[in-house]
Amino acid sequence: MRAELEPLGSSYDVVVANPPYMGSSSLGRWMSAWVKKRYPEAYRDLCTSFIDRGFSLSRTDGYSAMVTMQSWMFLGSFERLRGKILRGHSISSMAHLGTRAFGQIAGEVVSTTATVFANAKSEVGGAYFRLVDMGSEAEKQAGLLEALADPNCGWFYRRDADTFRQIPGSPIAYWASDAMLGAFTNGISIDEVSDYTGSPNITGDNGSYLRLFWEVSSNEVSNKWVPYSKGGEFRRWYGNLIHVVDWTQTARQHYASNQTSTLLPEKYWYKGGITYTMLTSGKACFRHIDNGCIWDKSGPVICSLGTLEPIWLAYLNGSVAQLYLDFLNPTMNLQVKDVKSLPFLPIDDSNSIISLTRNNISISKGDWDSFEISRNFKRHPLI
Numbered sequence: 015m016r017a018e019l020e021p022l023g024s025s026y027d028v029v030v031a032n033p034p035y036m037g038s039s040s041l042g043r044w045m046s047a048w049v050k051k052r053y054p055e056a057y058r059d060l061c062t063s064f065i066d067r068g069f070s071l072s073r074t075d076g077y078s079a080m081v082t083m084q085s086w087m088f089l090g091s092f093e094r095l096r097g098k099i100l101r102g103h104s105i106s107s108m109a110h111l112g113t114r115a116f117g118q119i120a121g122e123v124v125s126t127t128a129t130v131f132a133n134a135k136s137e138v139g140g141a142y143f144r145l146v147d148m149g150s151e152a153e154k155q156a157g158l159l160e161a162l163a164d165p166n167c168g169w170f171y172r173r174d175a176d177t178f179r180q181i182p183g184s185p186i187a188y189w190a191s192d193a194m195l196g197a198f199t200n201g202i203s204i205d206e207v208s209d210y211t212g213s214p215n216i217t218g219d220n221g222s223y224l225r226l227f228w229e230v231s232s233n234e235v236s237n238k239w240v241p242y243s244k245g246g247e248f249r250r251w252y253g254n255l256i257h258v259v260d261w262t263q264t265a266r267q268h269y270a271s272n273q274t275s276t277l278l279p280e281k282y283w284y285k286g287g288i289t290y291t292m293l294t295s296g297k298a299c300f301r302h303i304d305n306g307c308i309w310d311k312s313g314p315v316i317c318s319l320g321t322l323e324p325i326w327l328a329y330l331n332g333s334v335a336q337l338y339l340d341f342l343n344p345t346m347n348l349q350v351k352d353v354k355s356l357p358f359l360p361i362d363d364s365n366s367i368i369s370l371t372r373n374n375i376s377i378s379k380g381d382w383d384s385f386e387i388s389r390n391f392k393r394h395p396l397i
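Number 76 in the numbering used here belongs to position 62 of the sequence shown; there are no gaps in the numbering.
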């Protein structure tokens, strides 16, 4: 056994690995505690623990090359790992592969990246190859070779790792332009101008406390049952408000005291603003929501924007905000902290934007109310 373990006690000029992927919740109690203790910045997944271990296996000024999931580049749960890498190490090169990197079956679901880490700070910017939009293993290979031959191909980037530290959460957004990065310094965030909590209402038992509005008497709505924002399908500007929640004192006491529940803080009760669908299939969608509602984690509400609400709603539904969200969190779960981090630069012609936004809300509301899933439905427009 000693002979087999000796290589792990040595250090090397280069360490190369394709580590296994497994979330810490699946490791088992003993293994999960062991990994958390020894790799406190990287314990969230086994493959990121291997990234951290690679630094101790490589010599000073050595290299560690890993093929891993791309999640460590963006997700908030790996922010501490990114901080450690950016403070004491460097990214020498990265082939950002995305899905379909290892054949149609094995690589269809998992988004991967192949990274060479330098075990020391470097003054030279890292080389990044963005291959995520190429559809097959062969196309990615050809794209990488083309980028090596022609750095002006359009998918090769050179970035100093310290650049990422000016972005909230330090995502490895190597393809972001200087102008986009500068907005984080020169602009304002929605967190600075709104009231927005990360503590939503959670019933803990939707079967008992949640209904579709047509399942209860209209006389009970606003007395026992209150409109409930819960995300829903892709829809912008207005709509998707089909649920009601039990908001009696007994129910609220349950939300506040039950271990699996959370009561929305009272200051946010019945506040309107901008809501969105947390679980997306690609593009984010933001909507105006009237006063009088409660909301859960699937449909958070950005409150207290006042006269700025139409401007922010237009921005959030626009292509620029989507570009930022693509690297702040390129997953299907749009988190509160990601929306809070979006930068916004002042604009000159706000009146026209306000007018267009209100018009979009009106059109979307008219469309929503023309179907029976709206509480304001009267009759179908074709009748």
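It should be emphasised that the hints constitute simulated quantities derived from the structure, not laboratory data.
It cannot be assumed that every hint is accurate.
Lysine-lysine pairs mimicking DSS-like chemistry, simulated, CA-CA at most 27 Å apart [unchecked claim]:
1) K238 with K297
2) K379 with K297
3) K135 with K51
4) K285 with K135
5) K50 with K238
6) K311 with K238
7) K50 with K351
8) K297 with K281
Treat the numbers as computed from the prediction; the structure is a model and nothing was measured.
We went through each hint and held it up to the structure:
A hinted pair counts as satisfied when its Cα atoms are at most 27 Å apart, and K238 with K297 does not qualify at roughly 35 Å. Under the criterion of a C-alpha separation no larger than 27 Å, the hint pairing K379 with K297 is consistent with the structure, at around 20 Å. A hinted pair counts as satisfied when its Cα atoms are at most 27 Å apart, and K135 with K51 qualifies at roughly 25 Å. At most 27 Å may separate the alpha-carbon atoms for a hinted pair to count; K285 and K135 exceed this at roughly 48 Å.
For the hint linking K50 to K238, the alpha-carbon distance of about 45 Å lies beyond 27 Å, and the restraint is violated. Distance hint between K311 and K238 is fulfilled; the C-alpha atoms sit about 21 Å from each other, no more than 27 Å. A hinted pair counts as satisfied when its Cα atoms are at most 27 Å apart, and K50 with K351 qualifies at roughly 24 Å. Taking the CA atoms of K297 and K281, the gap is about 30 Å. The hint is violated against a cut of 27 Å.
When held up to the earlier numbered hints, the structure conflicts with 1, 4, 5, 8 and fits the remainder.
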